[in-house]
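Peer 1: Put together the whole structure using the sequences plus the hints.
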Amino acid sequence: MTTQLPPGMQLEKVDERIMTLNVGPQHPGSGHMRLIIKVDGDHIVSCDPDPGYVHRGEEKMTEYRNYIQNIPHLERPVIHDSCNILYPYCLAVEELLGIEVPERAKYIRVIASELNRCVYTLYWLGIYGIFLGHSTMFMWPMGDRELLIDLLEALSGARVTHAYFVPGGVRNDTPSNFEEKCLRHVNYFEKRLKEYEDIFYQNPVLKQRTEGTGILSRMDAIRLGTTGSVLRSAGVDFDIRKKEPYDVYENLDFQSQVLKEGDSYARSRVPYLDMLESCRIIKDALKKMPKSGSVRTKLKPNPKGGNNEAYRRVESGRGSLGMYVVSDSKPEPYRVKISVGSFRNMICMPYLLKGEKLGNMPAVYWSLNYWPVEADR
Amino acid sequence: MSTIAPEFRLSRFIASLTDLIFWILVLFTLVGLPIVMIVLFYIELPVINGELLTPYLALTWLADPSRTLPIIKSLLYTDFFRIAAFPGFGFAALLASAIIFIERKFLAKMQLRVGPLYCGKVEGILQLMSDGLKLLSKEIIIPAKADKPIFWAAPLLFIGTAAALVSLIPVAPGWVVADIDVGILAVFAVIGFFPIITVLSSWASNSKFPFIGGIRALHQMISFEIPLILSLLGIVILTGTLNLTEIVESQQHYWWIIFMPIGAIVFFITLLAELERIPFDLPEAESEIVAGWLTEFSGMMYGLVQLGSYVKLYAFAALFTILFLGGWNGPMVWPPFPEEIITEGITMGPITVKIPGLPLLDQEMLNATLWFVIKTVVVIMVILLPRGVFPRIRIDLLLHTGWYKLIGLAFVNIFIALALLYAGVLGPGGLIQ
Amino acid sequence: MVSKKKTNAKPSETVKEESHPVTEESHPVTEESHPVTEESHPVTEESQPEVAKKEESTLVPEPTFEKSIASRIVSKFGTKTVIGFIKPNRIRINTKKEDILDVASYIRDELNFDHAESVSGVDYPESKEIEVVYHLGSYSDPQLAKQILTLATRLPREDVPNPGKDSTRMSSLRDIFYSVEFHERECFEMLGVYFEGHPDNRRLLLPEDWADVPPLRKDFRIKGRVA
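Residue numbers (the working numbering), protein chains in the order written: chain A, 1 to 377; chain B, 1001 to 1433; chain C, 2001 to 2227.
Worth flagging that the hints you see were computed from the coordinates, not collected in a lab. A couple of the hints might just be wrong.
[Stated by the list, open to error] Cut-off 20 Å, straight-line C-alpha distance, at most; resulting in silico cross-link-like pairs (EDC-like, lysine to aspartate or glutamate): (1) K354/A to D1396/B; (2) K1208/B to E12/A; (3) K357/A to E211/A; (4) K357/A to D1396/B; (5) K1208/B to D42/A; (6) K2218/C to E332/A; (7) K2080/C to D2099/C; (8) K60/A to E2129/C; (9) K243/A to D2102/C; (10) K2097/C to E2158/C; (11) K2218/C to E58/A; (12) K2067/C to E244/A; (13) K287/A to E250/A; (14) K242/A to D2212/C; (15) K260/A to E332/A; (16) K2165/C to E2129/C; (17) K2223/C to D2212/C; (18) K60/A to D2159/C; (19) K60/A to D2109/C; (20) K260/A to E2158/C; (21) K330/A to D2212/C; (22) K330/A to E2196/C; (23) K1109/B to E244/A; (24) K2128/C to E12/A; (25) K1208/B to D15/A; (26) K1109/B to E195/A; (27) K38/A to E16/A; (28) K2146/C to E244/A; (29) K2218/C to E59/A; (30) K1208/B to E16/A.
[Claimed, not checked] Reference listing, derived: stretches of chain A covered by chain B, where coverage requires no fewer than 3 residues with Cβ under 8 Å from a Cβ of chain B: (31) 129-135; (32) 198-206.
The C-beta atom is built at its ideal place from N, Cα and C for all residues, glycine as well.
Peer 2: See below:
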């Protein structure tokens, strides 16, 4: 080869038997990332995930903005779960700056976080349905999601990318009729969730397709460092809301959902059970919330953290979302590292898809609760 | 479309109109009439009231409007009308288009949404027309290394084969395009064509995703043809004939679905697989292989394939109706044609008008058509239903179902039929006629 | 980040000072010093961790469990590791890059930390070092469910980076903690740290034809913003 390849490109010999498929960004079955899959007939020989199509340099940008200016762009990795991605950032910054959050703000944060978890999980479930060819399971979650997005719009003013959490509390208080509206919507939503059980989770074709595929054993789940629903569907009971409770989760009454099988069916079921738990948490929090109080501790202008670091983590829709914030004497953080559940679960993809049938690829791949935008940051 | 219209001038407009009329007249007299004259040598001209209907005679209806109805009636019974309009392609295409619209609305209601709403005043009725116009106006892109003759021919072959299937189906007694004595075998012969067309078009596309889709379609269609054939053998055994019209006539007192329910179920499942409907729509699995074997078709080629697909749907549903649900048999609900209009004419005040040539179509035929359409529409609704309920099945599960379970059930059905025959319950000389 | 010692550090405990447990109420902005300040690290000493001052001990329980873990590590490895800080649920251990494999194996085998939550690189251009920080957690041990052990090491940093071929390299922890595979790849491309022993040091998020400075270094400036 006399031609010089650009850096990063590599030549590969074309095999007669093994076909390389680009389940690429231009594909209805991949989301915004590429999977380079080598197929031998119907069996996948190897899978190489290639994320980075939506990489926007979030971590670099945080070094150029101060603690409050970082909020709108840090929530962009997951726009509909934005409260959960800002949550560890706010907790870490509060630790660095030494701020105390008022009690009512903690409850509002919990409610908003659970609403966001449901919104994200419904979106994910809809896409899971359509990957398997079940268009009704795409339409129903999208329709029911609108109820919860209405609540979030009433809270924060935006349907997605709420920018609602700030270090010190939340940006503004709830509107006056929020409690009744929230209770009504959440009750209706719980009834709708029972219908999902009939059409999706008890559907014989779905069970045939997903049960027994992509099995992740408990030891492997721990060794690969997976998190979130992938971990809990393999039998490991680790939910950060229970193990390292933050804000007021220790006062609320809920269970962490664990299933033992570790196959795609279990992985698709754990977020659904989580949503049912979220409804309980929201109703409980609405009951226990202090009826009045401030929701925000004002910060001094341009707060500085000193030479300090903090690592806080939160259970988001995808798994444990950790923020490692290093501060110095300037108003901007020195380094912010976002450790997202999708990125940590990405290691399961080459591991689980090897040896699978090509027909199982969407079922396994999307059941890993992978959100490409968040993994790329 | 994007040029600015020039200024309007009345003289120019009238000039263009007269220009148009001039050219129409020239073409009509110099080209059209000679072609018609030449063609008419080969077409059988109908005989009305003892006279042969030439075009000149037909044009004299301008003088005597009472001749319109006999002329039309004679045209109704020609072969050409049957192929193009009534039980043939026109009827099937119309019903297929209606099915597309109904499917979208039906599915939308199941999914708690509305479906097409804005095109047309009433709930989006003209949506299909606008979709057709959109597909017509799109550019047809052919991949560079595709096999061009086969690629161009594939949609035409597809819709042609679907039309061939439609031509075998009797809608009313005597109203069938091709009344073949081995009707069911002809149906299977035509059905056996479809996998070939699918594989040819996917191979001609020269791309990976159509290739995978074509292979899957081949596997699916071939492995479901055998249960399809076997499930109908029970009926053939019991009626003793392969002719579709005779099978319908044998169902005058009872429907075959009562005695062959397993056959009906097997036939229904295999027809879902042959039509590539959900849960068996692997060849077009959108989330895995983009659009399967249809990936590279664009514009009207895609439109033709979709139309062919829905014409096929109508044909299979009609087959199900004919074989299991009694075809056109049903109680007479169509009102009889009032006799007074034939003998005495219509009286409006002082004027009495006699219209010769009525009735156009007799009551029995209309009743039969009505029942046939009702039953077919019901079957079609049931075929459309799984689309909202099931996800897509995987290829190995599909093959497992087709080769093991359905063939087994079909054989059970044949044994039931043989048992009924030899027990003397059904069939010629049986207890129930 | 060059640490400056504040006055609340006694001169005797030059290196290993633990910061006071961070509370949400009163928060003296204490910083923890990195044991490597002027000299290269680690600085030697082995004295017992300082007990928190009296007024803070009434506000929050002492992190004795974390202290026990930290002291086990320090007692096994002696001069090779230095405790960064001990806070409730957070322990930081700084070590040298040559010893990191042993320390990590010990942490995995004896202390039951079984996965890495994240691997970050932090760039310190003033001290010409890049710090690679591993956050380790445990799923299998219920006592350690809340703990995050931060394992940090410093690598020399060159002004003109040549990723893969210069002195910014360390051994990969992938054989010890399998979960760091993709995190180390990202660290490689973002900061230019080469991980020896990693089977696949390739670009992950950046495009294949990226030919500029590794982006998370401080030399790489975003146009249009002043920082």
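Peer 1: Take the hints in turn and mark each one as holding or not.
Peer 2: Status of each hint after checking the structure:
| no. | hint | in the structure |
| --- | --- | --- |
| 1 | K354/A to D1396/B | holds, 18 Å |
| 2 | K1208/B to E12/A | holds, 18 Å |
| 3 | K357/A to E211/A | holds, 14 Å |
| 4 | K357/A to D1396/B | holds, 9 Å |
| 5 | K1208/B to D42/A | holds, 13 Å |
| 6 | K2218/C to E332/A | holds, 14 Å |
| 7 | K2080/C to D2099/C | holds, 7 Å |
| 8 | K60/A to E2129/C | holds, 18 Å |
| 9 | K243/A to D2102/C | violated, 29 Å |
| 10 | K2097/C to E2158/C | holds, 16 Å |
| 11 | K2218/C to E58/A | holds, 15 Å |
| 12 | K2067/C to E244/A | holds, 19 Å |
| 13 | K287/A to E250/A | holds, 15 Å |
| 14 | K242/A to D2212/C | violated, 44 Å |
| 15 | K260/A to E332/A | violated, 44 Å |
| 16 | K2165/C to E2129/C | holds, 16 Å |
| 17 | K2223/C to D2212/C | holds, 14 Å |
| 18 | K60/A to D2159/C | holds, 19 Å |
| 19 | K60/A to D2109/C | violated, 35 Å |
| 20 | K260/A to E2158/C | violated, 49 Å |
| 21 | K330/A to D2212/C | violated, 27 Å |
| 22 | K330/A to E2196/C | violated, 35 Å |
| 23 | K1109/B to E244/A | violated, 45 Å |
| 24 | K2128/C to E12/A | violated, 39 Å |
| 25 | K1208/B to D15/A | holds, 15 Å |
| 26 | K1109/B to E195/A | holds, 16 Å |
| 27 | K38/A to E16/A | holds, 12 Å |
| 28 | K2146/C to E244/A | holds, 5 Å |
| 29 | K2218/C to E59/A | holds, 12 Å |
| 30 | K1208/B to E16/A | holds, 14 Å |
| 31 | 129-135 | holds (count 7) |
| 32 | 198-206 | holds (count 4) |
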